[in-house]
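First to last, the protein sequences are chains A and B.
Heads up, the first sequence stops at 724 in our numbering, and the numbers go up one at a time, no gaps.
Heads up, the second sequence stops at 165 in our numbering, and the numbers go up one at a time, no gaps.
I should point out that these hints are in silico values taken from the structure, not numbers from a laboratory.
Keep in mind that a hint or two might mislead.
[Stated by the list, open to error] Interface residues of chain A toward chain B, partial, derived using beta-carbon atoms under 8 Å:
#, residue
1, G657
2, P658
3, L703
4, G715
5, G717
[To be verified] Listed next, the in silico BS3-like pairs over lysine-lysine satisfying Cα-Cα at most 27 Å (straight line):
#, chain 1, residue 1, chain 2, residue 2
6, A, K685, B, K153
7, B, K153, A, K711
8, A, K685, A, K672
9, A, K672, A, K711
10, B, K153, B, K109
11, A, K674, A, K685
12, B, K61, B, K153
13, A, K671, B, K153
14, A, K685, A, K671
15, A, K711, B, K61
16, B, K109, A, K685
17, B, K153, A, K674
18, B, K109, A, K711
19, B, K61, B, K109
[To be verified] What the simulated footprint calls covered on chain B by chain A, stretch by stretch (three residues with Cβ under 8 Å from a Cβ of chain A suffice, anywhere in the stretch; the number is not a length):
#, segment
20, 98–112
21, 152–165
We put the beta carbon where it would ideally sit given N, CA and C, even for glycine.
The residues making up each chain are set out below.
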Amino acid sequence: TQLLEQSPQFLSIQEGENLTVYCNSSSVFSSLQWYRQEPGEGPVLLVTVVTGGEVKKLKRLTFQFGDARKDSSLHITAAQPGDTGLYLCAGGNDYKLSFGAGTTVTVRA
Amino acid sequence: DSGVTQTPKHLITATGQRVTLRCSPRSGDLSVYWYQQSLDQGLQFLIQYYNGEERAKGNILERFSAQQFPDLHSELNLSSLELGDSALYFCASSVLGGAEKLFFGSGTQLSVL
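Just need the whole structure built from these sequences, with the hints factored in.
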């Protein structure tokens, strides 16, 4: 059983459309991170959020941390083929970082 | 390039065998993490070392062991291999080891036949 549940599992959209990926847990985390992983590579950190209710923007990507620090969302505006990849959320407590199963995003040109 | 080096990139072996995966962390990072990634289980935390000492343990089997050496490189030893051990094994490093930003290597693809 995953500590962090991500939805949807797969997402395929056309270039220019918007998308949202969700990450939910019954546990409270001191921080939540989002990574993107491309085939044949390790995950690369996109953002870390630490405060409940926090919203961070990174160009076309918007990350939100829930008020209770149990859930998070990642919104991509005007998706591009370069956004294609596996998006992973990870919750941190003490020394452990637990990952969700990921959402595979495919952006078609 | 994350600065984390993992070798080998691919490893093919038979059931019952033993293999060693090697990881060199980014320069200056004191903590090393090992993760296993498979299609059905996702990215599973195995074990973490900080400055040579084991700091946290996750879902690591008794057949698996790891260590971090004085020069901070780490090795993950997998023994009595089973078909189900086939997976991508990632090493990651961080400066302090407090579940902050992790830098991942490119992984070792292990295939047990």
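Outcome of the hint check:
A cut of 8 Å between beta carbons decides the hint on G657 of chain A: the least distance to chain B is about 3 Å, and the hint holds. With 8 Å as the threshold, the beta carbon of P658 of chain A comes within range of chain B, its nearest partner Cβ sitting at about 5 Å, so the hint holds. About 7 Å separates the beta-carbon of L703 of chain A from the nearest beta-carbon of chain B, less than 8 Å, and the hint is met. Using the Cβ-Cβ criterion of 8 Å, the hint placing G715 of chain A at the interface with chain B is satisfied: the shortest such distance is roughly 7 Å.
Because the closest C-beta pair between G717 of chain A and chain B is about 6 Å apart, less than 8 Å, the hint holds. Restraint check: the Cα-Cα separation between K685 of chain A and K153 of chain B comes to about 19 Å, which is no more than 27 Å; the hinted pair holds. For the hint linking K153 of chain B to K711 of chain A, the alpha-carbon distance of about 12 Å falls within 27 Å, and the restraint holds. A distance of roughly 19 Å separates the Cα atoms of K685 of chain A and K672 of chain A; the hinted pair therefore holds under the 27 Å criterion.
Restraint check: the Cα-Cα separation between K672 of chain A and K711 of chain A comes to about 26 Å, which is no more than 27 Å; the hinted pair holds. Using a Cα cut-off of 27 Å, the hinted pair K153 of chain B and K109 of chain B holds, with the two alpha carbons roughly 18 Å apart. For a cut-off of 27 Å, the pair hint linking K674 of chain A to K685 of chain A stands: about 24 Å separates their Cα positions. For a cut-off of 27 Å, the pair hint linking K61 of chain B to K153 of chain B stands: about 23 Å separates their Cα positions.
For the hint linking K671 of chain A to K153 of chain B, the alpha-carbon distance of about 16 Å falls within 27 Å, and the restraint holds. Note on K685 of chain A and K671 of chain A: the hinted pairing holds, with a Cα-Cα distance of about 16 Å set against a maximum of 27 Å. Annotation: proposed proximity of K711 of chain A to K61 of chain B holds, straight-line Cα distance about 25 Å (limit 27 Å). Annotation: proposed proximity of K109 of chain B to K685 of chain A holds, straight-line Cα distance about 23 Å (limit 27 Å).
Distance hint between K153 of chain B and K674 of chain A is fulfilled; the C-alpha atoms sit about 20 Å from each other, no more than 27 Å. The straight-line distance between the Cα atoms of K109 of chain B and K711 of chain A is roughly 8 Å, inside the 27 Å bound, and the hint therefore holds. Taking the CA atoms of K61 of chain B and K109 of chain B, the gap is about 24 Å. The hint holds against a cut of 27 Å. For the segment 98–112 of chain B, the stated coverage by chain A holds: 5 residues have a C-beta nearer than 8 Å to a C-beta of that chain, and at least 3 were required.
Under a criterion of three residues with beta carbons nearer than 8 Å to beta carbons of chain A, the stated coverage of the segment 152–165 of chain B is upheld, 8 such residues being counted.
Of the numbered hints given earlier, the model fails none.
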